[in-house]
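Q: Residue numbers (our numbering), protein chains in the order written: chain V, 1 to 135; chain C, 136 to 270; chain B, 271 to 405; chain S, 406 to 540.
Careful: at least some of the hints might be erroneous.
The list that follows gives simulated cross-link-like pairs (lysine-lysine, BS3-like), each with its CA atoms no further than 25 Å apart [as the list claims (entries may be wrong)]:
#1 100/V <-> 505/S
#2 486/S <-> 435/S
#3 370/B <-> 81/V
#4 285/B <-> 486/S
Facing chain S, a subset of chain V residues (Cβ under 8 Å, in silico) [to be verified]:
#5 73
#6 74
#7 76
#8 100
#9 101
#10 122
#11 124
Simulated from the structure, these hints should not be mistaken for laboratory data.
Ideal Cβ positions, reconstructed from N, Cα and C, are used throughout, including at glycine.
Protein chains: 4
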Amino acid sequence: MDDVKRFVENDRFAKHLGVDMLEYGNGRAKASMVIQDHHLNSAGTVHGGAIFALADAVFSAASNSHGTLAMAINVSISYFKAVSSGTLTATAEEVSLNPKLATYLIPVFDDEGTQIALFQGTVYRKKDGVGQFVK
Amino acid sequence: MDDVKRFVENDRFAKHLGVDMLEYGNGRAKASMVIQDHHLNSAGTVHGGAIFALADAVFSAASNSHGTLAMAINVSISYFKAVSSGTLTATAEEVSLNPKLATYLIPVFDDEGTQIALFQGTVYRKKDGVGQFVK
Amino acid sequence: MDDVKRFVENDRFAKHLGVDMLEYGNGRAKASMVIQDHHLNSAGTVHGGAIFALADAVFSAASNSHGTLAMAINVSISYFKAVSSGTLTATAEEVSLNPKLATYLIPVFDDEGTQIALFQGTVYRKKDGVGQFVK
Amino acid sequence: MDDVKRFVENDRFAKHLGVDMLEYGNGRAKASMVIQDHHLNSAGTVHGGAIFALADAVFSAASNSHGTLAMAINVSISYFKAVSSGTLTATAEEVSLNPKLATYLIPVFDDEGTQIALFQGTVYRKKDGVGQFVK
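Looking at chain V on its own, in the form it has when it is part of the complex:
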């Protein structure tokens, strides 16, 4: 198992929330999450923080997939629609990649294919390889 794979699989927060990482590599990543009771907010719909967490796991996998440590410095998220059941899916696109900074755009969809949120995040890229965190 390579370093990136070990690194991505070590995301304990994503596991705690039930994020299912489907694929990642070359600055891209895709994950889904089956909505469960522990994702709901006070109004009975999926919490903004849970939608963020799914997108954030994808953001982390995509930005670290180059093999060097990427740390989130800024994220903006817009929410479009409340959902309360089904499966959510998020896919990262690498909009920009420089030696020090990279930006990702991550739409989140419900299982009818309606976009429910849009996540835009920027990372600072360190020189450390991701392998050192998982040995």
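Given the coordinates of chain V, work out where chains C, B and S should sit on it, guided by the hints.
A: Just chains C, B and S now, with coordinates in the frame of chain V:
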């Protein structure tokens, strides 16, 4: 127990993550979260999504504390420092309140008093009272 | 000349900056701006505020193109590359449209086709028709 | 005249818009702008881009006041109230300062003291001194 209290206590996502809501009312709120293993990312520091979730719980409690349903439409978060243990605290300030929209600023601190993130969020305020979601 | 056309052409800030609105309608818009000396910042590259202004003019034209007044409530912009000459182009895509809220994604390109910025903005949609502002 | 002063005074975009830089230094800055016709949008109120530009000039002065070049990488702005006349004022507070990154919070007020917008911006700090751009 009044409607707002019942509503805030019904936040299942915040409970799942271990958010401890300390106080709320009049557009303000404060919460803390003891860092646990399930908050950690692949690099062994607190996940951006976990920091977001703490601030988001405070955002929800503050914006719904007026008694009418507030739905998040946009959030921006900046991260300043990685932390891996201790207790995080977040406090919401209501920057602007209109009949339809309100904006909150929520700094997050570690237990040395260093600001580790800044969350800025806007809600759309519906006419529904929060009570109807918890009866 | 219809109301939307009159409304878009009444954008005095866009004119002052030299924004050339190329097309708009049905939630979309496209504009370009030839970089001039008055767009430059202290370091001699195009000011973040000038790039924002180009995208913002497109955001306004796209969001008001439905004929009802749209007011910006939140924008996030990421910058990828400094440029100092040539022509910038920005195109709006309507990511979400609800009766009260709409969100647009507006990438900005230099004349080599490199994306230099990404603008994500949300408007609040009022009931007023845009025509009343230009009669 | 020192390098920082020369650098800040070289902001041609700020001059073109009529930004009056009142003070800057040690990570802080303050500026005002008298609303003129060329700041107005299609609806006759101050353009979101003009409010952004005022805050952005303050952001640039504050972040470059340490003497090393700071480049904007991400900004989020929320708008609270439409204004159409008077003077706007913006003040930057340095929320976080690291060797490579710094974040500023910049509220914008009208001349009745009402906060009309909140700007949150992050810069990447290069090693170059600002002096080399103004010699």
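Q: Now tell me, hint by hint, if it's right for this structure.
A: Evaluated hints:
1. 100/V <-> 505/S: 10 Å, holds
2. 486/S <-> 435/S: 20 Å, holds
3. 370/B <-> 81/V: 12 Å, holds
4. 285/B <-> 486/S: Given pair residue 285/B, residue 486/S holds - Cα atoms ~23 Å apart, limit 25 Å.
5. 73: Since chain S brings a Cβ to about 6 Å from residue 73/V, closer than 8 Å, the hint holds.
6. 74: 4 Å, holds
7. 76: 6 Å, holds
8. 100: Nearest chain S Cβ about 7 Å off; hint holds.
9. 101: 6 Å, holds
10. 122: Given a least distance of 5 Å, the restraint on residue 122/V holds.
11. 124: 7 Å, holds
Hint check: no violations occur; every hint is consistent with the structure.
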